[in-house]
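Student: Residue numbers (the numbering used here), protein chains in the order written: chain H, 1 to 336; chain F, 1001 to 1366; chain X, 2001 to 2297.
Hint data in this document are derived by calculation from the structure and do not stem from the laboratory.
Among the hints, erroneous ones may be present.
[Unchecked claim] Straight line, CA to CA, 25 Å or less: simulated DSS-like cross-link-like pairs of lysine-lysine: (1) Lys-1021(F) <-> Lys-112(H); (2) Lys-2007(X) <-> Lys-1021(F); (3) Lys-1159(F) <-> Lys-1125(F); (4) Lys-1306(F) <-> Lys-206(H); (5) Lys-2204(X) <-> Lys-112(H); (6) Lys-112(H) <-> Lys-2178(X); (7) Lys-2007(X) <-> Lys-1100(F); (8) Lys-2183(X) <-> Lys-12(H); (9) Lys-1306(F) <-> Lys-3(H); (10) Lys-151(H) <-> Lys-2185(X); (11) Lys-2204(X) <-> Lys-151(H); (12) Lys-1114(F) <-> Lys-2002(X).
Okay, here's what each chain looks like letter by letter:
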Amino acid sequence: MPKTILEVINLKKHFTHRKGLFSSFRENQQSIPAVDGVSFYLKENETVGLVGESGCGKTTVGRTVLRLEKPTSGKVIFDGKDITSLPADELTLLRGQMQMIFQNLDAALNPKMRIRNILSEAITVHHKIGGAEVDRRISDLLEQVSLKKSKLSNFPHELSGGEKRRVGLARVLSVGAKFIVADEPTSALDVSIQAQVVNLLQDLQKRLGLSYLFISHDLRVVELISHKVAVMYLGKIVEIGLSGRIANKAMHPYTHILWSSLVEKQNIETPQKAKSVQAGRWGVFDFERPTSGCRFAPRCPVYESKGKPAPCTDPATEPQLKDIGGAHQVACHFPL
Amino acid sequence: MTTVPILKIEDLRTYFYSRSKQALIRSVDGVSLEIMKGETLGVVGESGSGKSITALSVLGLIGAGPGVISGKIELKSNRIQKNLLEDLEDFVKLTTRDGKIMEVSKDVVGWERKAERVMDKVRGKEIAMTFQNPGSSLNPFMPVGKQITEAIRLHTSMKTEPEAKERALTWLDRVKIDSPRLRFDHYPYGLSGGMCQRIMIAMALASEPSLLIADEPTTGLDATIQSKIVDLLGELKSELGITTMLISHDISIISRLSDSVAVMYGGTVFEYGPARHLLSEGEEAKHPYTSALLASIPSAQNIREKGYLQAIEGDVLDTINIPEGCRFYSRCSRVTERIREKCIHHEPDLREIGSGHKVRCWLYFD
Amino acid sequence: MKHYFQKSGVIGEFSDLPFWKKADEVDLAYVGYGLLTVALVVVSYFLGSFNLLPRDPQEIDLQLMMAPPGTAGRLLGTDFMGRDMLSRLIVGIQAYFLPGLLAIFIALSVGTALGVLSGYRGEKLDTGITYFMNLVDSFPRLVLILLVIAAFKPDIYYIMLAVGLTNVPAVASLIKGKIQFLKQKNFIEADIALGVPTSTIILKHILWQNCRSLLIIRATLGMAEAILMETSLSYLGFGVQEPTPSWGNMVQSGANYFMQGKFWPSTAPALAILFTILGFHLLGDGLNNILEGKRNS
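Pulled out of the complex, with its shape left as it was, chain H reads as follows:
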């Protein structure tokens, strides 16, 4: 029975919005609830995909889980240890095992350092290792991520997108990562290179027993690589379940809309779109004045078609994640 490597319990991260001259010192600051009560767990050697549109908080979840941001409330338990408020020195010891692949390829690598130095620095961060051993490890890493040895003398800006991504992977592997948060690992890459990276990630997972939290807006890739998928909307998980179920038998109206947008982009003849799942025009969500109750209600076609039922917008009955069997949870009063 594979053990649970990550457990997130009711995680909340609110960003404070400065207003006023002495805002840092005042208590009443505006807060933006980027992550507002997220719970899920990840088992060893498993991939959980996290999808949602921009602003839903998925990147923040990834960062907070790695303690790159301090959680406002809730718990993060990594490998059995509660790291929610672990002090910095103890946290550093664990850092090697939980790592992140950043979305921005260019920015995550120090532009002034050669690849060889970037990697050797990463290797020696946690352990004192001598020159020959470092070289050996670097060769190992390069082989694992299929990167040419000649690239070691280059600077990051001399590398292609795919190569930069591989260096990033090599780096997190060098510190002994067991759990990797991959934030949009394929977004900035060309289509033909994306396939290479996806294959590499799968390969590494099989060989090294890695666990991934795969954050992406590329639904097809998420479906391919994940065992479970969590769908986020405005800071909350609205549905979570096995990837096949989420893609094909979605229960939450938002999930269904997300996946059907894929279909519509392709040249598949969709008959007169079922009105019930066609969302109309909408503006921009205003974090300063959140709606009460279910956050998706203003855009929800089911809400419209059922005549705007009260439970959806009543703050007291905000839909919570309910288990509906088969490791599938939905937060909706009228699941499809």
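Based on these hints, arrange chains F and X on the given structure of chain H.
Tutor: Chains F and X in isolation, oriented as in the chain H frame:
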């Protein structure tokens, strides 16, 4: 759809220069394309393919040097029938060595001056363009409505503010902006990516150009918004019959909206023809790059089996080092012994293999 | 007409040229001239400290008053008291060299420390430091210096201390700005995620690799300013006093003879000031363009 090409690009070359490497960057290296009236040409390519630079070259929007250096851009709209690069070769001197252009001398000022005289009448009026990154392409200091009316008054016969405003509002409604009258006075700040893109489309089409160039209209937008923009472009196409050059790296939207498709790689066109031929399943009569590209997208089967994807080996061509022969040779999996020598040393021409389908590959020569 | 020339057909993977080949010729000229100036100043300083001068700077020779350059072996002529101009100019550097270094040292070290604190930690510390910096910045420098002179003796070291301190806000805000820029670039965050110790992040990654060019440039400008400050003050009579030579007081004392049509005693030190400050400024400017300037893509 008629057989009159609104735009015909012949052997266009747009080069840049890297000071740090002291070498020419051959972004557009002999591109020939044709867009028929009323049709949508989808231009697909990855980074370095030169697709965006081609569009910018057509509109004379290349700022860095040397820029456009040779070729023909024939525009045949109702009002203008002209080669946009006519007589501009006088300002450029090229020196070739071993078949490759190694030196470019260009009188940039002279070129600009002469080109502007023509481009002035073309930009916005005959050819309109929408850009990637809609948020940063709109003027942040002007209300969006004013930006549209400005375009209308510049490029159409409607010169008065009230006329222009009426038309602008019609267009805002047409691109499905909610409460157009309200949004008219809003500034771009705070508008979502999808909205900005719609406004750009409205701005471009309100002046009734003969050709619309849409550069990556869905990149950077959320998934659900992307499909809405695609729907919108499809509707505008069927309602108004606008001629469009659609540039994207996203094959799914290209296949949804295009009549013809051009596949670009490393600065040239590898394949060109009717969409249904190029984008269908199977490998018949297709450039190896095109078929490999299509195969690398996760298919339903890949997803079901959670298997490996069919990736293309190697990296995308860097347009400084163009190989001697075929640009795709180092990554091609369909090379046969019969043509290997040719693939290594000679670049194939773009050759027709039937019903308007052209391929640049030795496999299809005999 | 613009020419674009490519030498060879194949461009290798490591073909990024070293900076001296791809930099603008103008910038290289600036830097060349600037380095020459620095070399002259440093050499002169040591010559002066070890008294390796062509002649005694205080040796008065009334026969040779205000002689033009070349007379009787005086390479740069003599001043109004017949003293060798060249030796005096060399010794004059003593007046500003070490004090200038002090000013630079203070400005850079305190400025960097505050810049790092306010840029890296952020929030409350940042607000506090920024307010304080704005306060210091608004203080008129000349007034402060005159106050220092009035309160203590007109000791050039005290004055340079004041100059250094008043330059702290500029350095601090430069460093802070650079750090904030770098923070957006994720690699600092990546470092933290990897577990790289904070000291390494700040000292090696941020300061040494990314800020050192900024600091070097600031140092050159700082020296230029120090020279200007010292020479102005000694011209006004506040700095080094006669007969000890300082370029400023040399200009001052030579000024009296302008009316008599004897320009040289004043002009020689003035030109020295001009070309030296110019050298430092051009060095800073050239380095700025080469190291920090527009990157080609």
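Student: The structure should be examined with respect to each hint, and the outcome stated for every one.
Tutor: Here is how each hint holds up against the structure:
1. Lys-1021(F) <-> Lys-112(H): OK: Lys-1021(F) and Lys-112(H) at ~18 Å, within 25 Å.
2. Lys-2007(X) <-> Lys-1021(F): holds (10 Å)
3. Lys-1159(F) <-> Lys-1125(F): holds (14 Å)
4. Lys-1306(F) <-> Lys-206(H): Satisfied, since the Cα-Cα distance of roughly 12 Å is no more than 25 Å.
5. Lys-2204(X) <-> Lys-112(H): holds (11 Å)
6. Lys-112(H) <-> Lys-2178(X): Between Lys-112(H) and Lys-2178(X) the Cα gap is close to 14 Å, so the pair holds against 25 Å.
7. Lys-2007(X) <-> Lys-1100(F): holds (12 Å)
8. Lys-2183(X) <-> Lys-12(H): holds (24 Å)
9. Lys-1306(F) <-> Lys-3(H): holds (22 Å)
10. Lys-151(H) <-> Lys-2185(X): Status holds; Cα separation ~22 Å.
11. Lys-2204(X) <-> Lys-151(H): holds (23 Å)
12. Lys-1114(F) <-> Lys-2002(X): holds (17 Å)
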